[in-house]
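Given these sequences and hints, build the entire structure.
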Amino acid sequence: MSTRILALDTATEACSAALMLDDDVLLERFTFAPREHTQRILPMVDSLLAEAGITLNSLDALAFGRGPGSFTSVRIGIGIAQGLALGANLPLIGVSTLAALAEGARRQTGVCQVLTAIDARMGEVYWALYQRQAGVWLGEEREAVAAPEALASLGASLSGCWATAGTGWQTYPTLFHHEGLTLVAGHTLLPSARDMLPLALQHYRHGGAQPVALAEPTYLRNEVAWKKLPSRG
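First residue of the sequence shown: 40, per our numbering; consecutive thereafter.
No lab work stands behind these hints, which were simulated from the structure alone. One or more hints might be untrue.
[As the list claims (entries may be wrong)] Now the in silico label distances, taken between C-beta atoms and shown as ranges:
id	residue 1	residue 2	range
1	N96	R181	33 to 39 Å
2	F71	T213	22 to 28 Å
3	A195	N96	50 to 56 Å
4	A89	A185	40 to 46 Å
5	R43	T70	22 to 28 Å
6	L95	T70	19 to 25 Å
7	V175	L65	17 to 23 Å
The C-beta atom is built at its ideal place from N, Cα and C for all residues, glycine as well.
Dropping the structure here:
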């Protein structure tokens, strides 16, 4: 049976939405829009649905980029996803921003080992080592935030060919560099909703869709502060 999933992401400076129809047909919208997520994301969603000739109610699930990423941007994305899902009575699927980067790098390079790193500001990066085995990305449980220098010893323990993905590599070009480690530029600086869709479909098929009330962000830094945020602003 075919599956229809809408994915949206606002976790970084990028703003994107993508629609999966019948498990493989894909429509997408992507733009670089710092501080304009709230103005851009809903028109993207409307445009995709219009192009496909369907409504939200005909979808099976809605996926959102749950971070890590910009504190405010992640919050915007989950809020919009919850609003859309509530209105259409859809379950939600949270997709890791770093996992989406890994999928994007694999799509562009074919490499199934990816070093993902997002510039977290304040001299730190959000990072994870992702490896694809039997069609599944492994590494989400190791996502963390750290200073670049703290990752040097980890790089020494790696070998083989790895693709790189994320803005962390643009800010700190020497992350993980070590003899015996071959790095391939993944050409994926920012996550895209299109790369969330294969991950979301996998979650959906394995019971990973959740009620709206259970949707949660992944921020990795200042988890307590998230709960103190006002509902607007």
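Going down the list of hints, with the structure as the test:
Under the hint 33 to 39 Å, the C-beta atoms of N96 and R181, about 38 Å apart, fit the expected range. For the pair F71 and T213, the supplied restraint of 22 to 28 Å holds, since their beta-carbon distance comes to about 25 Å. Distance hint check for A195 and N96: the Cβ-Cβ separation is about 53 Å, which falls inside the suggested range of 50 to 56 Å. Distance hint check: the CB atoms of A89 and A185 are about 43 Å apart, consistent with the given range 40 to 46 Å.
R43 and T70 have their C-beta atoms about 23 Å apart, which keeps the hinted 22 to 28 Å range intact. Between L95 and T70, the C-beta spacing of about 21 Å keeps the proposed range 19 to 25 Å intact. For V175 paired with L65, a C-beta distance near 20 Å keeps the hint of 17 to 23 Å intact.
Comparing the model with each earlier hint shows no violations; every hint is respected.
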